[in-house]
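Engineer: If you're matching them up, the sequences are chains A and B in order.
Each residue of the first sequence is one higher than the one before, counting from 417 in the numbering used here.
Each residue of the second sequence is one higher than the one before, counting from 417 in the numbering used here.
Treat the hints as calculated values from the structure; they're not laboratory data.
Hints are supplied without guarantee of correctness; some may be wrong.
[Stated by the list, open to error] If the Cβ cut is set under 10 Å, some of the chain A residues that face chain B in the computed set are: (1) Asn429; (2) Pro432; (3) Pro433; (4) Asn435; (5) Phe441; (6) Cys476; (7) Tyr485; (8) Asn510; (9) Asn519.
All figures in this text were calculated on a predicted structure; none of them were measured in a lab.
Ideal placement from N, C-alpha and C gives every residue a C-beta, glycine not left out.
2 protein chains.
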Amino acid sequence: MKRFEKHIFICENKRPPDNPRGCCFDKGSAEVREAFKKRLAELGLKSEVRANSAGCLDACEFGATVVIYPEQIWYGGVKIGDVEEIIQSHILKNLPVQRLMINHPSYNKDAKA
Amino acid sequence: MKRFEKHIFICENKRPPDNPRGCCFDKGSAEVREAFKKRLAELGLKSEVRANSAGCLDACEFGATVVIYPEQIWYGGVKIGDVEEIIQSHILKNLPVQRLMINHPSYNKDAKA
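In isolation and in its complexed conformation, chain A is listed as follows (with noise of 0.2 Å):
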């Protein structure tokens, strides 16, 4: 086993308000994290699955953006109470949430096979 099984990184990367890309910081990304965070400890995974803080990931415009390895599943737009599913569904069933994965082909192009 790897030291994580899953290891989640979301954006916190924040730019200035007047910025044209946006910023994941701003659509609430810190909160995200902390969501991840508080229900992996609760479910006692805390040692194999982590939730990360990550600088920008460059894909802004997606925000807020999460991304899972080992597998890159690219999610956008992802909100608190987006937290829940995802960990039911990816990391405890190794089944991504299509409907938050970013549709675009640069993200998860093999990933809507």
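Use these hints to put chain B onto chain A, whose structure you have.
Structural biologist: Quick look at chain B alone, frame taken from chain A:
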């Protein structure tokens, strides 16, 4: 192809100076990330390989810590002078740099086989 062929996460977490675990930031991780970023750009690899800032990767005692996905190889004690070798060997030839891998079975158990 996935969005990134290799995704390099460099821990830039900063702790107070008296914290017994130490922190990657104080071991120069921000400069290591800059070195990765600069060199990847010079080599024209920016669109396939990303050097990303990360929050605490929970490997403080091994810092500066770098983890590379999708293979989840953990490197410890990474310095600016190691960046070229990691890029030339691991990133370009898929040959992890053994001498820099964290020598602890919780991190690189499979990788050392």
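Engineer: Of all the hints numbered above, which does this structure not satisfy? Sort the numbers upward.
Structural biologist: 2, 3, 4, 5, 6, 8 and 9
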